[in-house]
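Chains as they are written, first to last, in this note's numbering: chain A, 1 to 166; chain B, 1 to 749.
Derived from the structure by calculation, the hints contain no laboratory data. Errors might be hidden in some of the hints.
Unchecked claim - Just so you have them, the derived chain A footprint on chain B, three or more residues with Cβ under 8 Å: (1) 159 to 172; (2) 236 to 248; (3) 418 to 428.
Claimed, not checked - Here chain A is said to cover these stretches of chain B; the calculated rule only asks that three of the stretch's residues, wherever they fall, bring their Cβ under 8 Å from a Cβ of chain A: (4) 25 to 39; (5) 187 to 197; (6) 325 to 338; (7) 462 to 473; (8) 694 to 706.
Think of the CB as a built atom: it goes at the ideal place given N, C-alpha and C, for glycine as much as any other residue.
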Amino acid sequence: MSDRTIRISVTVNQQRREVEVEPCETLLEMLRGRLDLTGTKKCCGEGECGACTVIMDGRAVNSCIVLAAEADGSEVLTIEGLAAEGRPNSLQQAFLDSGAVQCGFCTPGMIMAAHYLLLNNPHPTEEEIREGLSGNLCRCTGYGKIVEAVQAAAESAAEPASKNRR
Amino acid sequence: MKQGIVGSSINRVGGLARVLGTQMYVADVKLPNMLHAKLVHLDCAHARVRSIDCREALKVEGVRAVLSAADLPRPIPRFGPTYQDRPILAEETTLFHGEPVAIVAAESEHAAEVAASRVKVDYQELPAICMVTQALDPSAELVQDPAIRGQGPFKNTNILDEWSFGWGDVENCRADTVIENTYTFPIVTQFAIEPFTFLAEPTADGITVYSAIQIPYGLQRILAAVLNLPLSRVRIIAPDPGGAFGGKQHPKLEPLLAYFALRLGRPLRLELTLAESFQQARRAAAEVRVRSGFNSDGTLVFQDIESNYLIGAYADIAARVVSKASYVAAGPYRVPNVRILARALLSHTPPSTAFRGFGAPQENWAVESQLDAAAKKLRLDRVDIRRKNLPGPGEVFMPHDPPADGDWAECLEKAAEAVGWGQPLPEGRGRGIAMGLKAGPTTAASYTIVRLHLDGSATLYSGTSDMGQGARTVFSQIVAEELGVALEQIAVVMGDTSVVPFDLQTSASRSTVVMGNAIIKACGDIKRQMAELAAECYGVAVDRIRVAPGMVHLPEGDHSFVEVLQDRFGRVKGEVIGVGSARNEYVKEHPLGGPPAFYEVVAIAAEVEVDRETGETEILKLIVAGDVGRAINPQAVSMQDEGAAVQGLGHSLMEQYILDAAGRIRNLGALDYRIPTTKDVPRELRSIHIENADGPGPYGAKGVAEGGILATAPAIGGAVEEAIGVRIRDLPLTPERIWTALNRPPLPD
């Protein structure tokens with residue numbers, strides 16, 4: 001509840017948006033509430049579970065502890081921006097094929113964290129994957145198949161010929 | 001025709017929307033003109049509320065109303081799945097940390113939050129009962145007012161109910177050696193990544209409530225009773241839960257929200273924080289004392305088990321948890337003499353509810369640890385002592401119940417082999433192995449509809465909740481197998497009581513078996529009708545027609561389903577509707593109200609390494625070998641086993657509510673309540689399926705969703721003991737506990 005809102009300009013999934021936000025509003029609230037990008041999920045609200053992970057200016061962030069106002073002038077990538085024309089990218093496909101998706105509530109954040117990991121380290125070791133995803137909680141899978149999915153995605157990117165392999 | 005759909009690891013149905021971020025969860029639902037609600041609760045457990053002052057809250061811009069007990073009819077409506085003991089708002093006294101005393105409605109979530117913080121509650125904090133010993137003390141204050149307790153023998157105690165089971169004669173049997181220990185299991189929480197969100201929308205003649213509830217028809221029943229509406233006027237929309245694990249089985253705040261929304265005449269949305277969600281659902285803590293008698297060759301002579309479960313301030317489903325788990329507490333073994341006494345103890349803690357394993361992990365922790373203790377004392381191998389006592393397939397092991405319905409020794413052998421049992425271990429490492437048993441569903445009622453459309457595609461309607469276990473996937477596979485419809489042409493509709501037929505509940509790993517059997521019948525109904533249609537259409541006697549998946553065989557040739565439908569219905573069009581149901585009736589004479597439809601049995605093996613300097617345990621291997629009957633989707637079975645095993649790893653090593661003496665939970669939220677991360681789970685996490693097609697479900701399947709959690713703790717406990725030489729009997733096995741155990745002389749067994 002503030003007397004004034006702040007007008008920010010933010011590029012979300014390559015689309016420039018002008019948004020009026022509250023000073024105390026988080027990036028997560030803005031994405032879900034004002035832009036209807038509900039693929040990004042809210043769980044802990046304190047930056048511990050990773051369900052709300054998005055990429056902001058090339059960095060993976062917990063959008064529940066970033067103020068919307070801080071995103072002024074930034075580029076944000078959410079789960080909705082990963083797929084091309086509704087078709088899953090190779091990482092998303094790998095999550096499906098490896099059985100890394102159960103209830104799916106952690107999945108968008110997990111995929112964004114994995115996306116960030118692979119952007120910065122296209123050929124991670126298993127240890128590096130476990131480290132890279134350690135800030136994202138999942139209660140369904142036990143993580144084994146998530147790690148496999150990221151390995152598979154990294155491999156499929158390394159071998160373009162096998163990209164369409166299911 | 002599709003062949004081999006059953007038994008194949010097709011990808012999760014509904015997975016695509018989940019990876020794209022387009023899956024609609026309850027928190028994603030927005031209703032026009034909706035208000036936002038926020039709970040008012042106190043920072044203590046047990047308190048007498050003297051007054052509630054809403055004046056400042058009502059001044060907040062955008063606030064529309066505040067509801068407290070003063071605004072409710074007396075007696076305040078109470079509800080619950082078995083006992084109607086939980087008030088929709090606390091009636092002058094709060095009984096647990098987080099129990100709401102008021103609720104605010106405002107135009108924005110933020111305004112509701114600000115206003116809730118400005119509701120002034122004048123209250124007096126009272127002493128709390130939050131330990132088993134306190135609850136058992138006959139001089140203790142009563143948690144529940146006897147006036148709401150009905151007429152049972154325990155109404156003037158903190159014992160909600162008590163059960164005695166058993167057979168043989170524990171008092172007068174002779175054993176070579178007797179071992180007695182007490183084991184404790186902490187309060188842990190389901191921690192679904194999706195916190196609770198509810199919406200209630202008044203309609204012209206009733207109400208629609210949105211909740212990620214596992215049992216939409218159970219919620220409908222309770223709301224109809226609280227609101228005094230016919231079932232037909234209460235519509236439940238239950239989007240697929242973002243994880244549930246039993247925590248979303250029974251109603252929590254839906255009755256309050258629905259009541260308030262009707263008063264306001266506007267849609268109302270309540271989203272709980274994760275911390276608040278922890279105050280709505282958790283597992284019962286337990287203290288289990290076991291006296292076990294063995295002969296010197298390791299043969300079990302008796303089990304004498306006393307289990308005290310610390311349930312919460314209201315019953316929820318806890319009585320059923322305690323009775324159902326304790327009934328099979330002696331485990332999957334041949335035990336000639338068994339005596340079981342179990343109690344559900346009320347306390348000033350959040351109501352305990354269903355949680356994967358439904359009380360069995362508490363019992364298995366104790367009883368399996370006793371087998372290890374016996375092996376140690378009798379100098380027997382821990383696998384051998386279990387093998388010696390396991391019944392063979394078809395052997396009766398509980399005198400009045402179904403015999404062993406699988407090859408349980410095979411589970412044990414496979415798990416032992418996979419973990420490298422008997423191979424040399426480096427210093428600081430240990431292995432453990434344990435069996436787990438849980439009784440499957442006793443009563444059941446599942447109804448389903450399958451529509452075969454003109455183009456040969458099919459729509460299935462089911463009241464099952466797909467909370468991640470993959471019910472949509474398995475059901476699609478069954479329809480594909482039975483009707484020969486391609487998977488891409490099957491739609492599965494769930495989660496709306498105005499659309500799907502009745503289902504008793506999604507619980508007890510039942511859906512593949514019970515709903516699966518109903519789906520088989522619905523598909524059979526379609527095939528029967530296809531024969532009739534073909535008979536009419538082609539002028540052939542029905543008894544000369546044979547129907548196979550997707551195909552009708554006539555003496556003069558074959559017709560596909562699509563040909564038959566189009567030839568018969570022509571330009572007027574139509575479709576074939578198959579219905580099916582599966583029921584297991586209530587059996588009055590059976591202590592559980594019916595024999596279990598199957599047993600969920602696993603062997604779990606672990607290898608660990610313990611750092612003696614810090615007390616930290618690293619799990620290197622975790623193996624689940626489950627007797628699954630038939631894996632309709634092997635990958636889905638592995639997904640359940642692995643997830644359950646890691647959830648078990650959580651309560652084994654790190655998870656517990658920390659209460660202060662007044663019953664305040666000191667570690668609400670993800671920061672202070674740790675669950676396993678990618679760095680806590682073993683590199684080797686494996687699921688082995690024992691498949692003998694001996695289950696009661698489709699193609700010989702059994703339920704599989706809970707096995708992996710049943711005996712993780714005793715397997716890890718045994719492994720830690722081998723690594724450090726000390727048995728710890730209190731969970732979780734935190735570094736502090738292990739370090740302390742290492743730095744004091746071990747107690748004799």
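Hints not upheld, ascending by number: As far as the earlier hints go, 1, 3, 6, 8 are violated by this structure, in ascending order.
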